[in-house]
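2 protein chains.
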Amino acid sequence: MGTHPDRSTALLTDRYELTMLHATLADGRASRRSVFEMFTRRLSGGRRYGVVAGTGRILEAIADFRFGDDEVRFLRDSGVIDATTAAWLADFRFGGDIWGYPEGELYFPGSPVLVVEGTFAECVVLETMVLSILNHDSAIATAGARMIASAGDRPCIEMGSRRTHEDAAVAAARAAYIAGFAATSNLEAGRTYGIPTTGTAAHAFTLVHDTEREAFEAQIAALGSDTTLLVDTYDIAEGVRNAIAAGGTGLGAVRLDSGDLAQVAAEVRAQLDGLGATSTRITVTSDLDEHAIAALAVAPIDGYGVGTSLVTGSGVPTSGFVYKLVAREDDGGTMVPVAKKSKDKISVGGRKYAVRRRENDVATAEVIGIGEPPATDHDDRELLVPLVRDGVLQDLGTLGDARARRHAALHELPATGLRLSKGDPAIPTQYEER
Amino acid sequence: MGTHPDRSTALLTDRYELTMLHATLADGRASRRSVFEMFTRRLSGGRRYGVVAGTGRILEAIADFRFGDDEVRFLRDSGVIDATTAAWLADFRFGGDIWGYPEGELYFPGSPVLVVEGTFAECVVLETMVLSILNHDSAIATAGARMIASAGDRPCIEMGSRRTHEDAAVAAARAAYIAGFAATSNLEAGRTYGIPTTGTAAHAFTLVHDTEREAFEAQIAALGSDTTLLVDTYDIAEGVRNAIAAGGTGLGAVRLDSGDLAQVAAEVRAQLDGLGATSTRITVTSDLDEHAIAALAVAPIDGYGVGTSLVTGSGVPTSGFVYKLVAREDDGGTMVPVAKKSKDKISVGGRKYAVRRRENDVATAEVIGIGEPPATDHDDRELLVPLVRDGVLQDLGTLGDARARRHAALHELPATGLRLSKGDPAIPTQYEER
Numbered sequence: 000m001g002t003h004p005d006r007s008t009a010l011l012t013d014r015y016e017l018t019m020l021h022a023t024l025a026d027g028r029a030s031r032r033s034v035f036e037m038f039t040r041r042l043s044g045g046r047r048y049g050v051v052a053g054t055g056r057i058l059e060a061i062a063d064f065r066f067g068d069d070e071v072r073f074l075r076d077s078g079v080i081d082a083t084t085a086a087w088l089a090d091f092r093f094g095g096d097i098w099g100y101p102e103g104e105l106y107f108p109g110s111p112v113l114v115v116e117g118t119f120a121e122c123v124v125l126e127t128m129v130l131s132i133l134n135h136d137s138a139i140a141t142a143g144a145r146m147i148a149s150a151g152d153r154p155c156i157e158m159g160s161r162r163t164h165e166d167a168a169v170a171a172a173r174a175a176y177i178a179g180f181a182a183t184s185n186l187e188a189g190r191t192y193g194i195p196t197t198g199t200a201a202h203a204f205t206l207v208h209d210t211e212r213e214a215f216e217a218q219i220a221a222l223g224s225d226t227t228l229l230v231d232t233y234d235i236a237e238g239v240r241n242a243i244a245a246g247g248t249g250l251g252a253v254r255l256d257s258g259d260l261a262q263v264a265a266e267v268r269a270q271l272d273g274l275g276a277t278s279t280r281i282t283v284t285s286d287l288d289e290h291a292i293a294a295l296a297v298a299p300i301d302g303y304g305v306g307t308s309l310v311t312g313s314g315v316p317t318s319g320f321v322y323k324l325v326a327r328e329d330d331g332g333t334m335v336p337v338a339k340k341s342k343d344k345i346s347v348g349g350r351k352y353a354v355r356r357r358e359n360d361v362a363t364a365e366v367i368g369i370g371e372p373p374a375t376d377h378d379d380r381e382l383l384v385p386l387v388r389d390g391v392l393q394d395l396g397t398l399g400d401a402r403a404r405r406h407a408a409l410h411e412l413p414a415t416g417l418r419l420s421k422g423d424p425a426i427p428t429q430y431e432e433r
Numbered sequence: 000m001g002t003h004p005d006r007s008t009a010l011l012t013d014r015y016e017l018t019m020l021h022a023t024l025a026d027g028r029a030s031r032r033s034v035f036e037m038f039t040r041r042l043s044g045g046r047r048y049g050v051v052a053g054t055g056r057i058l059e060a061i062a063d064f065r066f067g068d069d070e071v072r073f074l075r076d077s078g079v080i081d082a083t084t085a086a087w088l089a090d091f092r093f094g095g096d097i098w099g100y101p102e103g104e105l106y107f108p109g110s111p112v113l114v115v116e117g118t119f120a121e122c123v124v125l126e127t128m129v130l131s132i133l134n135h136d137s138a139i140a141t142a143g144a145r146m147i148a149s150a151g152d153r154p155c156i157e158m159g160s161r162r163t164h165e166d167a168a169v170a171a172a173r174a175a176y177i178a179g180f181a182a183t184s185n186l187e188a189g190r191t192y193g194i195p196t197t198g199t200a201a202h203a204f205t206l207v208h209d210t211e212r213e214a215f216e217a218q219i220a221a222l223g224s225d226t227t228l229l230v231d232t233y234d235i236a237e238g239v240r241n242a243i244a245a246g247g248t249g250l251g252a253v254r255l256d257s258g259d260l261a262q263v264a265a266e267v268r269a270q271l272d273g274l275g276a277t278s279t280r281i282t283v284t285s286d287l288d289e290h291a292i293a294a295l296a297v298a299p300i301d302g303y304g305v306g307t308s309l310v311t312g313s314g315v316p317t318s319g320f321v322y323k324l325v326a327r328e329d330d331g332g333t334m335v336p337v338a339k340k341s342k343d344k345i346s347v348g349g350r351k352y353a354v355r356r357r358e359n360d361v362a363t364a365e366v367i368g369i370g371e372p373p374a375t376d377h378d379d380r381e382l383l384v385p386l387v388r389d390g391v392l393q394d395l396g397t398l399g400d401a402r403a404r405r406h407a408a409l410h411e412l413p414a415t416g417l418r419l420s421k422g423d424p425a426i427p428t429q430y431e432e433r
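Top to bottom, those sequences are chains H and Z. Numbering that gives the first Met the number 0 numbers the first residue of the first sequence as 0 and each following residue consecutively. Numbering that gives the first Met the number 0 numbers the first residue of the second sequence as 0 and each following residue consecutively.
Watch out, some of these pointers could steer you wrong.
[As the list claims (entries may be wrong)] Every beta carbon over 12 Å from chain H, so not counted as near; a handful from chain Z, in silico:
| id | residue |
| --- | --- |
| 1 | R65 |
| 2 | D234 |
| 3 | A298 |
| 4 | E371 |
| 5 | R388 |
| 6 | H406 |
[Stated by the list, open to error] To be clear about the criterion: a stretch of chain H counts as covered by chain Z if any three or more of its residues have a C-beta under 8 Å from a C-beta of chain Z, and this derived list gives those stretches:
| id | stretch |
| --- | --- |
| 7 | 173–186 |
| 8 | 382–389 |
[Unchecked claim] If you want the footprint, here are the derived chain H segments under chain Z, 3+ residues with CB under 8 Å:
| id | stretch |
| --- | --- |
| 9 | 220–226 |
| 10 | 260–271 |
Calculated directly from the structure, the hints in this document are not laboratory data. These numbers come from a predicted model, not from an experiment. For each residue, glycine too, the CB sits at the ideal point set by N, CA and C.
Full structure from sequences and hints, please.
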């Protein structure tokens, strides 16, 4: 199920995918068996690891990637394709194989996160769409995982919908959930993906009432005393008094959205305790990122709401994945490795296989076999799983499985791999060619 | 017309909008006449101006903002709303008034880019969605306008779809077109918004062929000799020779996607001229942003393709717009200004009006009247236009109109306002309260 079930995804693509299709259908190269791989050349922003997210959305999008009458007519009318290509597209259905890192798994430079095999034609037309999804969703999941690591046992809530494109917001909530966020503010993410949703009130709610006390009483009447009251519309100390007066010492939580959060949280904790509201929680929001969360570790805070920096990737808004042809058939039917020969954009030709090498349950390297699987005389964990076989989507498990996978994979890293500071990847990438 | 016409947009929102609705329907405040305004507190990243984009998409999204059976059932089943709220939502249709800056117009700190007036209930439920759209689209348009200013007379093409969420990509192409981009690679943007699309071939196209020469001949056979050949898969000088051998001296263009673009472009220009291909253009792509484009001004380049940095806002991926209640009815029916009193998040209460003040056709200030229009004894240009009247969408003109508006508004700025460096807004914001 996606957010817009009736729409073909086939035009969510760059025009050149279809002009390449057109030209290779004409000269016969369209049918050459090909392997495309998706990988990053580096981890942008000095990140120590990346978190894979979006694979499940890619499979949904491939299922909806059909060229109906409307799509074909548009392409013909705008001169993008010829009649032969139009006929090919009308029958198009991806019939190849896809392997990939499952969602929640970590990736490093060169990791073959998606391996797509089929004819050149059926693989090339997917390029733009699969890149869009993986580049976006993995950027959010990676930023989110850093925040979760900073937050320790304190729950984090995704609330960035208003800071990103309205549909990207739904995907961002999904990626954040994979990263370990406890809930989202986004209702469509709740409907589409079953992610828990939360939300209580904004400053406007207080301001539309004649007094803060009246607003708090109205919220408690509607949502019960376990709700979270936003106490910083006017004066925070007065807001806390009004909150406990309205909700009693059993009030669920208060939320702070401005000021020096560490200092204010300490003052509010003391005030709540003094009023007898010792179990009333304090949640904070206001331009938080992984660094701000880390700096608040010693403050008496019970949960974080994160918006802008999460949905914009906290400085790395896109993951840098590319989708490259690494092998294709020759006239004799033999698969040959291929690669662009640019100095500044290195690609390694040949089909890849990947394992995470471990010693004493600690990851030591991302080992990538070129042309065949790496030697397996170590405590290696296989990373590529079948996602599509002969065009048939495989079962990927639940988002809960992806959350658990992310948790386990992060805790397998050497301790230095969890650092927030910029630096080298947590483990090196090693290529093996037997 | 949108990219997914059959989908309600009503759940593209934060849960708290609906809990606020629920609580105010219960205590009667939902019906208070209210004014919400969308503005930014600052221009992030030291930008000199912002470019408004997304207004047209907001109006489409409001038209689709209906709570059908599926939406209401989800909200009831998840405990977000009660029966009274469910009944209200089933009948919901925005019936208020909206004024706003038209697309392509510039904005500055405090500019009331959208002014929404109606009952508290009907205004508050729109908050998340309108913020999502304007925050995203304006970030792209602002980055794009800086690139266009750097490119001078050379055309720029938007080709960032693969670097952002697949639906955000369509909106990004639209925003870039408003900013002055000549075309997009994104086919759905072509279909949905009528934006010109372009695209020829990637490195994979060359690699799937046995030789570069064979690939170029196939492309020319399919697309004609006015096409653009990508010449950097192997050796660039050899690629240029192959390109002219295949396409003749009337070849449309060659594309460079790697290396030191200034140096390589100079070498390729000399080689093309030496081969007699004096009218063959050179287009460049490869991690360009406004600064890289400015640095290439003296290189013999005929056009730019921009991807990552455009669709991610070139360092400013979201615009920082907030949506704040600034006035609401009291029990006597009088509209009273309201504002949050936080030290670090300043809001100015009261309904705003805005003009761009000019002297000798040069903009000198963004003048914002509080509660009533600014005094008009100057060469002022009105900035707010009616977008919705009593729930009826107004005609906003075409994307071409928005492009022309952006062009005119930028050229009205003082010369220092077009600087790429970080600094103060191009013109100051002045509040007037008579």
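Hints, verified against the model:
no., hint, result
1, R65, "holds, 14 Å"
2, D234, "violated, 7 Å"
3, A298, "holds, 17 Å"
4, E371, "holds, 21 Å"
5, R388, "holds, 23 Å"
6, H406, "holds, 25 Å"
7, 173–186, "holds (count 3)"
8, 382–389, "violated (count 0)"
9, 220–226, "holds (count 3)"
10, 260–271, "violated (count 0)"
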